[in-house]
Amino acid sequence: MAPTLYVLKTCPAVRAVLVTIAAIEVEIDIILVEKNYLYTEEFLKLNPQHTVPVLIDEDIIICDSHVIMTYLVQKYANNDLMYPNNLKKRILIDQRLYYDASVMFPIIQKVFKGLVSKEFKEIPSELKNDAVEVYNILEMYLSKSEWLVGNHVTVADISCCMTIKSLNILIPYDPKNHAKLALWLDKLNAISYFSVDKPYFEAYIERLKVISSS
49 MAPTLYVLKT CPAVRAVLVT IAAIEVEIDI ILVEKNYLYT EEFLKLNPQH TVPVLIDEDI
109 IICDSHVIMT YLVQKYANND LMYPNNLKKR ILIDQRLYYD ASVMFPIIQK VFKGLVSKEF
169 KEIPSELKND AVEVYNILEM YLSKSEWLVG NHVTVADISC CMTIKSLNIL IPYDPKNHAK
229 LALWLDKLNA ISYFSVDKPY FEAYIERLKV ISSS
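Here the sequence shown stands for residues 49 to 262, where the numbers follow my numbering.
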């Protein structure tokens, strides 16, 4: 029986998992839900945090995109290139994933929360500065290697790419100051399995337009 993945079409974290699934070519049953479903009794039994993605594989339920990605690669990928068994490489990948989870993605959450709650109409300079710092840090990482960790695409690239693409719509990076970041994004988007992201990224942009115009 194939694993089941609950997704919300506009969520950047969901998109990272979907790209990973496409990359390793594993069969997954995708269940597309609406935001209000995340607060139903049925879903809260799966994930009390009422967030997506949620992966169910046999008797295990995983509720974090970064953990889902590393789990799927370890269990279903034909090789370990995207999440190496080598401890030193894996530690660096984990470091990038934790940075995404704790610093990068929360900026998007804060912006959306502020826009939806009408706390602000224009994104505050503090959040803009936070985004620029993220872009600067990734630019430094990419000055050392072609990808975020070494010379092969890993789950760190996929996860951070989905976050940066989404953050860039809200707070654009400067292509002149972040040339390596721009090139990195272009190279990732040119990879065939990244095409799965297109309809989801478009849905994200449309959602943002609705929020911004309300």
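Worth flagging that the hints you see were computed from the coordinates, not collected in a lab. Do not rely on the hints blindly, as some may be mistaken.
Claimed, not checked - Below 30 Å or equal to it, Euclidean Cα-Cα: the simulated DSS-like pairs (lysine-lysine) are:
id, residue 1, residue 2
1, K93, K136
2, K224, K158
3, K83, K213
4, K176, K213
5, K224, K235
6, K228, K213
To be verified - Computed spacing ranges between beta-carbons, pair by pair:
id, residue 1, residue 2, range
7, I239, N133, 18 to 24 Å
8, A251, Y124, 24 to 30 Å
9, N216, Q143, 18 to 24 Å
10, V74, H200, 15 to 21 Å
11, I217, Y146, 22 to 28 Å
12, D234, K93, 40 to 46 Å
13, N216, E167, 34 to 40 Å
14, E73, N225, 33 to 39 Å
15, P223, V81, 34 to 40 Å
16, P223, E106, 42 to 48 Å
17, N237, L80, 30 to 36 Å
18, N225, D107, 33 to 39 Å
If you're wondering where the values come from, they're calculated on a predicted model, not measured in any experiment. Glycine included, C-beta positions come from ideal geometry on N, C-alpha and C.
Hint by hint, here is what the structure shows:
1. Under the criterion of a C-alpha separation no larger than 30 Å, the hint pairing K93 with K136 is inconsistent with the structure, at around 37 Å.
2. Taking the CA atoms of K224 and K158, the gap is about 26 Å. The hint holds against a cut of 30 Å.
3. With a C-alpha separation of about 21 Å, the suggested pair K83 and K213 falls inside the 30 Å cut-off, and the hint holds.
4. Under the criterion of a C-alpha separation no larger than 30 Å, the hint pairing K176 with K213 is consistent with the structure, at around 15 Å.
5. For the proposed pair K224 and K235, the alpha carbon gap of about 17 Å is at most 30 Å, so the pair holds.
6. Distance check on the hinted pair: K228 and K213 sit about 14 Å apart at the alpha-carbon level, within 30 Å; holds.
7. At roughly 23 Å, the beta-carbon separation of I239 and N133 lies within the given 18 to 24 Å, and the hint holds.
8. Judged by the Cβ atoms, the range 24 to 30 Å given for A251 and Y124 holds: they are separated by roughly 26 Å.
9. A hinted range of 18 to 24 Å holds for the C-beta pair N216 and Q143, which are about 22 Å apart.
10. Distance hint check: the CB atoms of V74 and H200 are about 19 Å apart, consistent with the given range 15 to 21 Å.
11. The beta-carbon spacing between I217 and Y146, approximately 24 Å, falls within the hinted interval of 22 to 28 Å.
12. D234 and K93 have their C-beta atoms about 42 Å apart, which keeps the hinted 40 to 46 Å range intact.
13. A hinted range of 34 to 40 Å is violated for the C-beta pair N216 and E167, which are about 22 Å apart.
14. Our hint of 33 to 39 Å for E73 and N225 holds, since their Cβ atoms are close to 37 Å apart.
15. Checked against the hint of 34 to 40 Å, the pair P223 and V81 passes, with Cβ atoms roughly 36 Å apart.
16. For P223 and E106, the hinted distance range of 42 to 48 Å is satisfied, since their beta carbons lie about 45 Å from each other.
17. The given range of 30 to 36 Å is broken by N237 and L80, whose C-beta atoms sit roughly 23 Å from each other.
18. A hinted range of 33 to 39 Å for the beta carbons of N225 and D107 is inconsistent with their spacing of about 48 Å.
When each numbered hint is compared with the structure, violations occur for hints 1, 13, 17 and 18.
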